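S.K.: For the protein sequence lines, the chains are A and B, in the order given.
Per the working numbering, the very first residue in the first sequence carries number 1; after that it's consecutive.
Per the working numbering, the very first residue in the second sequence carries number 1; after that it's consecutive.
In case anyone wonders, no lab produced these hints; they're calculated from the structure.
These numbers were taken from a predicted model, which means no experiment stands behind them.
It is possible that some hints are incorrect.
[As the list claims (entries may be wrong)] Restricting the straight-line Cα-Cα distance to at most 25 Å, the calculated cross-link-like pairs of lysine-lysine (BS3-like) are:
| hint | chain 1 | residue 1 | chain 2 | residue 2 |
| --- | --- | --- | --- | --- |
| 1 | B | Lys156 | A | Lys79 |
| 2 | B | Lys79 | B | Lys52 |
| 3 | A | Lys156 | B | Lys52 |
| 4 | A | Lys79 | A | Lys52 |
| 5 | A | Lys156 | A | Lys52 |
| 6 | A | Lys126 | B | Lys126 |
| 7 | A | Lys52 | B | Lys79 |
| 8 | B | Lys126 | B | Lys52 |
| 9 | A | Lys79 | B | Lys52 |
So you can see what is in the structure, the chains are spelled out below.
Protein chains: 2
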Amino acid sequence: MVGQKLAARLIAQGLTDHRDLDITLFDVSFPADAVQGPSRQTGNLADPATAKALAASRPDIVFHLAAIVSGDAEQNFSKGWDINMMSMWHLLEAFRAEHDASGGSYRSRIVFTSSIAVFGGPFPEKIGDEFLSAPQTSYGAQKAACELMLTDFSRKGFVDGLSLRLPTICVRPGRPNLAASSFFSGIIREPLNGQEAILPVADTVRHWHASPKSAAGFLVHAATLDANRLEGRRALNLPGLSCTVAEQIEALRRAAGQQAVDLIKPVPDEAIITMVAGWPRNFDPARAMALGFRAESTFDEIIETYIAEDLPKTSG
Amino acid sequence: MVGQKLAARLIAQGLTDHRDLDITLFDVSFPADAVQGPSRQTGNLADPATAKALAASRPDIVFHLAAIVSGDAEQNFSKGWDINMMSMWHLLEAFRAEHDASGGSYRSRIVFTSSIAVFGGPFPEKIGDEFLSAPQTSYGAQKAACELMLTDFSRKGFVDGLSLRLPTICVRPGRPNLAASSFFSGIIREPLNGQEAILPVADTVRHWHASPKSAAGFLVHAATLDANRLEGRRALNLPGLSCTVAEQIEALRRAAGQQAVDLIKPVPDEAIITMVAGWPRNFDPARAMALGFRAESTFDEIIETYIAEDLPKTSG
Numbered sequence: 001m002v003g004q005k006l007a008a009r010l011i012a013q014g015l016t017d018h019r020d021l022d023i024t025l026f027d028v029s030f031p032a033d034a035v036q037g038p039s040r041q042t043g044n045l046a047d048p049a050t051a052k053a054l055a056a057s058r059p060d061i062v063f064h065l066a067a068i069v070s071g072d073a074e075q076n077f078s079k080g081w082d083i084n085m086m087s088m089w090h091l092l093e094a095f096r097a098e099h100d101a102s103g104g105s106y107r108s109r110i111v112f113t114s115s116i117a118v119f120g121g122p123f124p125e126k127i128g129d130e131f132l133s134a135p136q137t138s139y140g141a142q143k144a145a146c147e148l149m150l151t152d153f154s155r156k157g158f159v160d161g162l163s164l165r166l167p168t169i170c171v172r173p174g175r176p177n178l179a180a181s182s183f184f185s186g187i188i189r190e191p192l193n194g195q196e197a198i199l200p201v202a203d204t205v206r207h208w209h210a211s212p213k214s215a216a217g218f219l220v221h222a223a224t225l226d227a228n229r230l231e232g233r234r235a236l237n238l239p240g241l242s243c244t245v246a247e248q249i250e251a252l253r254r255a256a257g258q259q260a261v262d263l264i265k266p267v268p269d270e271a272i273i274t275m276v277a278g279w280p281r282n283f284d285p286a287r288a289m290a291l292g293f294r295a296e297s298t299f300d301e302i303i304e305t306y307i308a309e310d311l312p313k314t315s316g
Numbered sequence: 001m002v003g004q005k006l007a008a009r010l011i012a013q014g015l016t017d018h019r020d021l022d023i024t025l026f027d028v029s030f031p032a033d034a035v036q037g038p039s040r041q042t043g044n045l046a047d048p049a050t051a052k053a054l055a056a057s058r059p060d061i062v063f064h065l066a067a068i069v070s071g072d073a074e075q076n077f078s079k080g081w082d083i084n085m086m087s088m089w090h091l092l093e094a095f096r097a098e099h100d101a102s103g104g105s106y107r108s109r110i111v112f113t114s115s116i117a118v119f120g121g122p123f124p125e126k127i128g129d130e131f132l133s134a135p136q137t138s139y140g141a142q143k144a145a146c147e148l149m150l151t152d153f154s155r156k157g158f159v160d161g162l163s164l165r166l167p168t169i170c171v172r173p174g175r176p177n178l179a180a181s182s183f184f185s186g187i188i189r190e191p192l193n194g195q196e197a198i199l200p201v202a203d204t205v206r207h208w209h210a211s212p213k214s215a216a217g218f219l220v221h222a223a224t225l226d227a228n229r230l231e232g233r234r235a236l237n238l239p240g241l242s243c244t245v246a247e248q249i250e251a252l253r254r255a256a257g258q259q260a261v262d263l264i265k266p267v268p269d270e271a272i273i274t275m276v277a278g279w280p281r282n283f284d285p286a287r288a289m290a291l292g293f294r295a296e297s298t299f300d301e302i303i304e305t306y307i308a309e310d311l312p313k314t315s316g
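This is chain A alone, in the form it adopts within the complex (with noise of 0.2 Å):
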């Protein structure tokens, strides 16, 4: 999904320094809505020979968002090991192989979609820059070890790469999904489309937000930033919006009436309201900011964006 607003975003806009954009959408399969113009290739990346072929063609930049989500991963663990660790080394190994045939002078840009989930509670009142990784989740754990190689690959000077954690991405068009997280999005999107949404943990619930639009704004940021500004701590923590579930809710009620909120039906789900009371709920993004990252500062701002780009216009 931030991958079509990526590709979208590269369309109409383009790269700063980059005339001419050649992108390539490469995923598992494609949605029917999938963004026109760009060529396509359908692959696995678990599979070592994909990722040898993808980097075979050198391009410039990377962005690597593929991903089993959190509750995929929790519920398969291979799976999650698999997909989610191991294809970033084989996609390293692969660059890495491609930067030394070429006697040194190839390196990509490689852009990781990491996330919030590599922290684990207890958390003090804001996490900042220098907080520990302590994953609770094997999607937090497998992030987490991408960061780690990326870094470490990026230091020796096979790629140059930014690991991105990602604020919880709200509100997601579409679908629900298996993330954990699915609901934060759910509460919002359903009830502007007159649908029912399941709300399965308490409304004091406190989480960190950015809109997909902002997500594609990080992806582009950091495809031409300059990587010694980093000074080789190449996962950043990225800027976002700290709200309650009450104040989500609050801010639909400003958008789209009573009426909207009427749709919310609280229905507890142990294995979410454990899930979620392992999160983040507030940082101080202080690096990222600096870096020049922005994102949302109210949820009206966000809900503002879904009407905007992603609620599906009625005919009537």
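For chain A, the structure is supplied; the task is to place chain B on it using the hints.
M.R.: Structure of chain B alone, referenced to chain A:
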């Protein structure tokens, strides 16, 4: 080396709640003066079949100390990741398979020797228990990745692991090795044996030390520690002693006089200076202290331990 110390200690003192210890040593090879008594196996953990064979014997406790050292991992990138990270993966997968085959009743305690190399500067005055892991060597990145895996396999209940971030072990007996930290031992050990030692860094360098005896003590303590007390954070910064090279040299003077100190020859080595500049200098290991781990409190004690345990006895 630490493995030999550990084996000798287990034979001499046993282990709490474990009568009739049945110890097996596993290594790529054994030194001529290896501890006598335990059965021995040789092999290479980088081979998944080897890990499977080890797990099949279903040990109650595994001490995993195998690694190639920092200098070697820095010079030989692929070898470092293969041996230091992928071996851990194979080992954990093998123990998970045994756990599954047992219907969930078998769960090995795995004590893994990690390292303070998981940290990279800039550092606070003292590194606390919530400081980020941002390694600046491949060795450190590999150790940090192993910690993430061990914690996640443990969280899922497949194994019951702890990662011990050992201080630099000093004074190591025997000969210099490829570790960039080798000189910290060399400048004490060689003079005590009447030999010249090279000091490749300035004597203002501050670092974090514990003796081989303390290291064996950490491992034994970790072997029977109640994992519930770790509250999901299974990587521990261990206690040690912070001192400068100049303070090490003063302790050597107190132990063996000026003629010993005169054997230390300053020969600056830029590669070592650069690596050491990125290493931790001091810690506040509050969690490990609360959990009962203990180390030396003066460098004089560390030298006394070397003299008592490891200094070759002269026949004169």
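S.K.: Decide, hint by hint, whether the structure agrees.
M.R.: Verification of the hints:
1. Our distance criterion of 25 Å between C-alpha atoms is met by Lys156 (chain B) and Lys79 (chain A), whose separation comes to about 14 Å.
2. Our distance criterion of 25 Å between C-alpha atoms is met by Lys79 (chain B) and Lys52 (chain B), whose separation comes to about 21 Å.
3. For the proposed pair Lys156 (chain A) and Lys52 (chain B), the alpha carbon gap of about 33 Å is over 25 Å, so the pair is violated.
4. A hinted pair counts as satisfied when its Cα atoms are at most 25 Å apart, and Lys79 (chain A) with Lys52 (chain A) qualifies at roughly 21 Å.
5. Between Lys156 (chain A) and Lys52 (chain A) the CA atoms are separated by roughly 20 Å; this keeps the pair inside 25 Å, and the hint holds.
6. A C-alpha spacing of about 21 Å is found between Lys126 (chain A) and Lys126 (chain B), which places the hinted pair at or below 25 Å, so the restraint holds.
7. Under the criterion of a C-alpha separation no larger than 25 Å, the hint pairing Lys52 (chain A) with Lys79 (chain B) is consistent with the structure, at around 20 Å.
8. Annotation: proposed proximity of Lys126 (chain B) to Lys52 (chain B) is violated, straight-line Cα distance about 41 Å (limit 25 Å).
9. With a C-alpha separation of about 20 Å, the suggested pairing of Lys79 (chain A) with Lys52 (chain B) holds against the 25 Å cut-off.
In the structure shown, a violation is registered for the earlier hints numbered 3 and 8, in ascending order.
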